[in-house]
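Asks: The primary structure of each chain is shown beneath.
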Amino acid sequence: MRPQFIRKCRWPLGEMAALTLLVSMSSILLQAEDTVPFPGTTEPNRVDSLWGVTELIHPTAALRGAASCASSGCHGGPRAGVSSVLAPRGSEYPLFLESDPHGRSWRTLNSAASIEILTKLGILSDGSIVQPAAYENCLACHNTDRSLSIDGISPNRAEGVACESCHGPSEAWYDQHYQGPESVWRAKTELGLVDTKPLLQRARACALCHVGAKDRDMNHDIIAAGHPALYFDMAVYHEAYPKHWRDPEAGTESYRAKLWLAGQIAKADAELELLQARAAKTHSVSVWPEFAQYQCTSCHNTLDGQPRTTLEPSIDWEVLGRASVRRWNLQGTDLLIANDDNAKDSELSVLLGELLASLHDSSARPEQISRDAQSLRAAVATTLTSKQPSILTQWNSESQRLIAIQQLQEAIPTLNWEQAALAYVAAWSASQPMASPELQPPMNTVRNGLLFPFRSQSPFFPRSETPIVPPSRPEWTQAVSRVIQSLEKVGP
Amino acid sequence: MIRSTADAPARFSSNWIPLVCPGLFGSAGLRLFFALSMGVLVANASAADPLETNGTLNASAELANPHLKQMGIKECQACHSQPGFLYPKLGVTQFVRLTEAVQWNERDKHAYAYELVRIDQLSESEFELPEKQSNRRARDMHTKLGWKQGDNQFERKCLSCHAGTNPQDELDSSHFRDNLIYGVQCEACHGAAEKYLQTTEHQQPTWRAKSPEEKAALGMTDLSNAAICAEVCLSCHLGNIQQGRFISHDMYAAGHPPLPPFELQTFLDAMPPHWGTIHQKPYENEFAEDKTSFQFEHEYLTRHFTGMDSKSTQQIRQEVQSSFERTKRSMVGAMVSQSSALQLVQDAANQPASWGDYSLFDCMGCHQTLYKDRSRYRPEGRVPGRPFPPHWSSLSDTALEAVSPAVEINTKLNQAFNKVPFGDREKILQDSLLFTQFQSDRRKRWIGFSKEIIDSQSTREWLIALIDEQSPKLTDYWVAKQTAWIATIVVRELIEKNELEASRIEADLDSLHRILHLDLNTPQKQSVLTEQGTTLQTAQSFDVEAVRYHLDSISNKLQSSVK
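These protein sequence lines are chains A and B, in that order.
Letter by letter, the first sequence follows residues 1 to 492 in the working numbering.
Letter by letter, the second sequence follows residues 1001 to 1563 in the working numbering.
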């Protein structure tokens, strides 16, 4: 495999060293329990400090705006390509401005569809914001600056979700990070510049909005008012994302696999933080029970047992009469458990079982659920720091291939939409962009089976130009089997 | 009898009831015979004052006391199967046909409520028979719910409706077991007979002159009052937690078919009635010498209608004949549905285990597909994405004046259900007194309303207002169905009373029946499971616009045809 890999690699071999360095940096960061919290924020709890992200991108930290980053000598390029991956490219902001969907998020928030959502939720009434906290919850993910104090026509408002949304508020480090690698290192470790190079940390930054956080909560009320449900996957989103940076690993065989795993783990951490906040009833926006914590299809199913799409469910209970827990963001915990030698009675699996049981029990006290989520989250952190610190370094296309086969096999008998979609994404992450051509047709069929025939609120996929004919259930099942066969053939 | 098997106790049948004087074979019959022979004087002398027998006369005593003992159907059928040949001449059958039990047994689905779900005494192969589909479902539910032999879950949770039992019944008594086979039998609705069978009054002609309160004091429920009748029906057809009649979401999930929306008059018609309405009474008496003279007719009529005391029997009879009684029952049924639904919420709030049970909410509040092309109705002022109580039980009282407490109660309910998904229990409990007062006021109001004369103008106005009000909610199949049922009842009654030309409006009714599958005339012994697929498919794919068109058309025709 290796010679082939070198041929495919667009990067000079010398940079492999840099890749190794970056990956080991991420594990160093993960192991560092006492990350310096951002000045001015409250003392983060142990779990927060593990990620170094949630407390860095903090609503109270001072922002300077994208304009500050985008001066032509810095990130406002254009500048010719550079020779080293460690050197900044220089044209990040123009790239972002031209093609990054995050740059359009302010426009999205002001679109007719958003106005309708805001009105239905009673946030907007007679042309003014009547629920400031709820609107700030929207701004938190649709804008760099969530505070209502700046007005809508400020240039800062119009930048959408720009630099500081992911890289951290820059007041403390904007004039400190361009004096050589040491200054960058210092800005990252001491001053609050979020290091988005390690994949786990990057995924955690994405998950802040694409999964949610205690002050960024896209809940079922908002979905019901018209917002698409969140189905984030790190590998899939990366593929589509117009990147303003270069990943040294990009193009390597295990790139998608590593992105996928980093995403799963980061999503689990974000989900548990969100769940903890939602159930603790200390939340400004959501009130328990929060339906977004459950699978869409466990309630939104056909009572007559006649599915209109390939995987639209008739009633199929995981626990009789109870909504099934949404596992889209929790899969990371399953992976950590599966990766553990003592999986069955490991602390993680016990805690996950307890959490799921209390989520299924409609009479469980929300405080209990919140505590369960907190314990599980802490256990995930412990597992990552002490038990499985190298899970991401060791994860490769082979591990991905095996997990994809397993998930596809499990998805066939259940015909559960969420399970099937997760398996599809896992399989997609296992396949190379240049993968065998025989994989493509069945993969398309599997994907088409996941589509809903009309553009529906959720699960949401962009509409294709030509109408897609969804496969029948037998066709879909057959396609899954063919994907499994193709994936098995690739194996050693 | 078809269903009589070696194992099951044989059901009674009209065939083996002696035709001459059936009463002689039962204790109740003996008392009746005695009462008849001794004449009215004796009856009057022995008629105990209900205030004395019962101690006090409960203010809301129109509803019978559930703590009394059920005597079993055999006591009732002794008289109510076949009148003796002398009875008409004696005037006994002027207001009662005495064939009720047979009518019920041979035509009413309630008689098979237990038979269709029984799970004992059936062999494995019997369960597989096509006609045992519902028993099979009951057995599967039992398994899925994890109920064990002997834990009495089936008895407590199913038989309260499927055999009309009460929570305080002794499950081990042979009396309890022996009566199950009769399903929802006489006393389940009319009230436990322990007291009124002990007195001789029930068998005397004076009984019909008694006030509902007096009868209730002896344990008999006044089902001639539409509001009370609706309350009794709804205790199963919607649910009543206090009476142990509640289908939890777990039970639905395990396979119980969805409860259809309830429309009082339509459902009474479908039973079909084993009684006569006031319109039909008194019955023609070919044997009596004076065919226009009936014992206690004036008392009987003034008991059922308010403000009639000073009028002559003839006058009252005329007014009653002109009254839109069927429409009235539809109106009252809709109002009481709303009250019963509110009561369910209140009772659930008092029982933490029931609170938040999904079955308190509209199925379609959650079970809607994620299609965007399907328009969804969301109640005004509700937070998106929260379950809401079923609309069909909330046909509001627009046409019968919007009462201010109703508006206040509605606001409070909306607040409680907006605050938290599945509603804020503490908030409901806080306002408990207010709800209770409101419910009791409403109850009195509807019981009183059931005794009023309804004229053609208010009939028309009510239906027009109802259609206007329900029009935006018609995306909900249950609302559409209930509204169409009511429209059918009202329109047919207007036609019957020559207030409307049939040709103008029948086509709309026919279309509604076709689109919404409104018919309820399944065979007596057939389970609703056979229709469940059609119902649910219709629920999710019926033509909303067509229903709206026809209802609007009915409303327009009513407006343009005012005489």
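Treat the hints with care, since some could be wrong.
Computed list of lysine-lysine pairs in DSS-like fashion (alpha-carbon distance at most 30 Å, straight line) [as the list claims (entries may be wrong)]:
| id | chain 1 | residue 1 | chain 2 | residue 2 |
| --- | --- | --- | --- | --- |
| 1 | A | LYS120 | B | LYS1412 |
| 2 | A | LYS120 | B | LYS1427 |
| 3 | B | LYS1412 | B | LYS1444 |
Chain A side only, calculated, beta carbon under 10 Å to chain B, not exhaustive [said to hold, decoys possible]:
| id | residue |
| --- | --- |
| 4 | LEU95 |
| 5 | PRO181 |
| 6 | TRP185 |
| 7 | ARG186 |
| 8 | HIS220 |
| 9 | GLU290 |
| 10 | THR309 |
| 11 | PRO437 |
| 12 | PRO441 |
| 13 | MET443 |
Note that these hints are calculated values from the structure, not bench results.
No residue lacks a Cβ here, since even glycine has one placed at the ideal position from N, Cα and C.
Asks: Confirm or reject each hint.
Replies: Here is how each hint holds up against the structure:
1. LYS120(A) to LYS1412(B): holds, 20 Å
2. LYS120(A) to LYS1427(B): OK: LYS120(A) and LYS1427(B) at ~24 Å, within 30 Å.
3. LYS1412(B) to LYS1444(B): holds, 22 Å
4. LEU95: With Cβ-Cβ at 34 Å, over 10 Å, it is violated.
5. PRO181: Violated - the Cβ of PRO181(A) stays beyond 10 Å from chain B, reaching only about 49 Å at its closest.
6. TRP185: violated, 46 Å
7. ARG186: violated, 46 Å
8. HIS220: Interface hint status for HIS220(A): holds (4 Å vs cutoff 10 Å).
9. GLU290: holds, 8 Å
10. THR309: Holds, about 9 Å.
11. PRO437: Constraint on PRO437(A) not satisfied, violated at 33 Å.
12. PRO441: violated, 27 Å
13. MET443: Given a least distance of 23 Å, the restraint on MET443(A) is violated.
Consistency note: the structure conflicts with the earlier hints numbered 4, 5, 6, 7, 11, 12 and 13.
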